[in-house]
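*Asks:* Next come the chains, spelled out residue by residue.
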Amino acid sequence: MAEVRIENLVKVFPNGTRAVNDVSLAAPDGEFLVLLGPSGCGKTTTLRCVAGLERQTSGDIYIGERVVNDLPPGERDIAFVFQFYALYPHLSAYDNIAFPLRAVGVAADEIDRRVMRVAETLRIKHVLRKRPRSMSSGEQQRVALGRAVIRRPQVFLMDEPLTNLDAALRSDMRVELKHLQRELGVTTLYVTHDQTEAMTMGERIAVMQLGDLQQVGTPLEVYQYPATLFVASFIGDPPMNLIPVTLEGDALQGASGHLSLALAPDVAGAIRQKQSGPGLVLGVRAEDITLSGGDEGDMRGEVTTREPLGDQALYSVGLDGQFIQITTAPTTRFGVGDAISLSIDRSRMRVFDAATERALV
Amino acid sequence: MSSITLQNLTKRFGATVAVNDLSLHIDDREFVVVVGPTGAGKTTTLRCVAGLEKPDDGMVLFDGQDVRSVSPAERDVAFVFQNYALYPRKTAFENIAFPLQARNLSAAEIKAEVERTARMLRIHHLLDRRPAQLSGGEQQRVALGRAMVRRPRAFLMDEPLTNLDFQLRAQMRSELKRIQRELDNTFFYVTNDQVEALSMGDRIAVLNAGTLHQVGTPQEIYEHPADLFVAAFIGSIRMNFLRCAFIADTGALVSADGGWSLPAPPRLREGAQKSKDPGQLILGVRPEDVLLSTEAGNGALEGQVYVAEPLGNHNVYNVRIGPALVRVKTPATFMLDAEARVSVQFNMARAHLFDSATEQALT
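Each protein sequence line maps, in turn, to chains V and F.
All residue numbers in the first sequence are consecutive under the numbering used here, ending with 378.
All residue numbers in the second sequence are consecutive under the numbering used here, ending with 1029.
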């Protein structure tokens, strides 16, 4: 078990693509750190550099106190998990889990000790003699997980291991993997493009885009206090509403007068002091807007769509050529075409600089 | 604009029954979503409607007319796929205008029609661009525009949003719903994504392994699932299922491992009595119908937090109650320590009861 530290990592591919651009990042011993971003953001390249599958152009990688830049993958004491493979149908759960240890010639009593320990953590001791066919699907998943983690490396590196599973299995595996990681206490770097996986599994999330590290923080930090417009648009389901505004006096004004948001003087002052130009972007989450039928409120608009999602309703309201999304309790019943007012929870909104794309308040 | 009726539709591929005796009626101008996992028979159903597959049994009717002898082209339906094959060398305008070229329209008429369509799709500022200069969502809209200018009698859509990233998918969901209403045409849409089904469909048909499980409005399907499959498939956080037995003498539901006993309200009691085997029931509780507290409550079950999942706008706690793992949705502000001991209450007024053997809902 060890800390993983990446310092000023740069990776330029022979074709000139700058996949990773001066990224510095550390996962303390035992942490579950998620690298999150869309395809092409550099998250997998970063992971592959840590694994030793790619040689970085510059920068250093530490595992524990050791610089591992020049070590081949086999000497870095890491386990790379691409996906949780199907079990061997002709082997018992025990033999499935023991497989990776037998393959490298670990002694039988050591294998037994480790299999029992993993089986205990995963609550599958009672199925160790069974073959996959006679286990429930939940038991099969946990056996597959056990096999993936039976080697006890310093670090797990996981690259979208849940991607090919169906939705129900994926959410079960998320829960079991998170629990197992905490029990084992092995530092884990986990790459995904799925913000739900990142939010639910990561102790911290590192958000990347186009090779740059945008923000590192706990799930709630990146959700509530996105540092950049990109993070705001990438984290959260639905994503944060981003509305172009300008500061007039102490109020944020939308393009056409349908939005007017009075701010506390100190907040307005802070924006004025930090802004690089007149263009601002108001960021507000769908659950931080309240709808009402009256004409009080910060914005007025018309309901474009209402989507019932079972445990909540998602409204879309047209405002100056864009759509604002609002989530409410499933019982609200505004109809399409209804004129409504929107009130914004000022304690939970963000204001970004449109030019630098960074959060101001 | 047509109604579409599937009457006892069956389609086999060799020994595999892809669609099994499916009957479903889609009203003129209705948005019906067929939802189910891979292999449910969704695409095959749609291809039978389009005339691309020939049913082995049963038939397809448009406005009550059997279309068995009508060729795919003459069926006059637009088929929109996840892979929108646009002409790469043509501009968005030319792509959308393409189906109109074959008709006897003046250039001015074509221009007017393309621009009207592009405005509805909000891509009128992109008409000069070629596909490579458009985002995935914009390309999808161009493909839709090309289908729209034909003014077909119905739109058949096969997972058109699958290849978009989730932010764009969410945006396109509400856009498609708006477009359907503005076009005022029939949409027959298939997807494996239950969120798309709930959010877009006037009605939803849940299909699995070729068999229709339930048809209803989103609210009906969510609040009154007809069987275990529908209950498990619909809902962003899966419904909890707890094996239990109904004890007629005490009117209580007792868990299969004997770890808990809960009084059954009249609705559940009546349901339990409908079962041939009240000793083998499944209690279904949605994650938002479970209440957690750190204080011991009257009649509450004892549990322990196994894994917490913060999602920003809410939390999901996975709580162990004996051998079972129960998913609980809480407000984002409700914070518990890892492995905290909690008391758990089910909102029995909203709970469901299923028969283990038939898997049918009893409530």
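Just so you know, these hints were derived from the structure itself, not from any lab.
All values reported here derive from a predicted model rather than from experimental measurement.
You may find that some hints are simply not true.
[Unchecked claim] Some but not every residue of chain V turned toward chain F, in silico, with C-beta under 7 Å: (1) Gly57; (2) His143; (3) Asp176; (4) Glu177; (5) Asn181; (6) Ala185; (7) His196; (8) Arg221; (9) Leu237; (10) Thr263; (11) Gly266; (12) Ala268; (13) Glu319; (14) Thr321; (15) Leu326; (16) Gly335.
[To be verified] Per label pair, the in silico range of CB-to-CB distance: (17) V:Glu238 to F:Ala1004: 16 to 22 Å; (18) F:Asn1013 to V:Gly266: 46 to 52 Å; (19) F:Ala962 to V:Leu108: 26 to 32 Å; (20) V:Thr373 to F:Ala962: 25 to 31 Å.
[As the list claims (entries may be wrong)] Calculated from the model, a selection of chain V residues having no Cβ within reach of chain F, i.e. all distances over 10 Å: (21) Gly33; (22) Leu70; (23) Gln100; (24) His107; (25) Val121; (26) Met218.
Built from N, CA and C at the ideal position, the CB exists for glycine as well.
*Asks:* Does each hint fit the structure? Answer for all of them.
*Replies:* Hint check results:
no., hint, verdict
1, Gly57, "violated, 12 Å"
2, His143, "violated, 11 Å"
3, Asp176, "violated, 18 Å"
4, Glu177, "violated, 14 Å"
5, Asn181, "violated, 12 Å"
6, Ala185, "holds, 6 Å"
7, His196, "holds, 5 Å"
8, Arg221, "violated, 12 Å"
9, Leu237, "holds, 6 Å"
10, Thr263, "violated, 23 Å"
11, Gly266, "violated, 32 Å"
12, Ala268, "violated, 27 Å"
13, Glu319, "violated, 12 Å"
14, Thr321, "holds, 6 Å"
15, Leu326, "holds, 5 Å"
16, Gly335, "violated, 9 Å"
17, V:Glu238 to F:Ala1004: 16 to 22 Å, "holds, 18 Å"
18, F:Asn1013 to V:Gly266: 46 to 52 Å, "holds, 48 Å"
19, F:Ala962 to V:Leu108: 26 to 32 Å, "violated, 46 Å"
20, V:Thr373 to F:Ala962: 25 to 31 Å, "violated, 52 Å"
21, Gly33, "holds, 20 Å"
22, Leu70, "holds, 26 Å"
23, Gln100, "holds, 17 Å"
24, His107, "holds, 25 Å"
25, Val121, "holds, 31 Å"
26, Met218, "violated, 8 Å"
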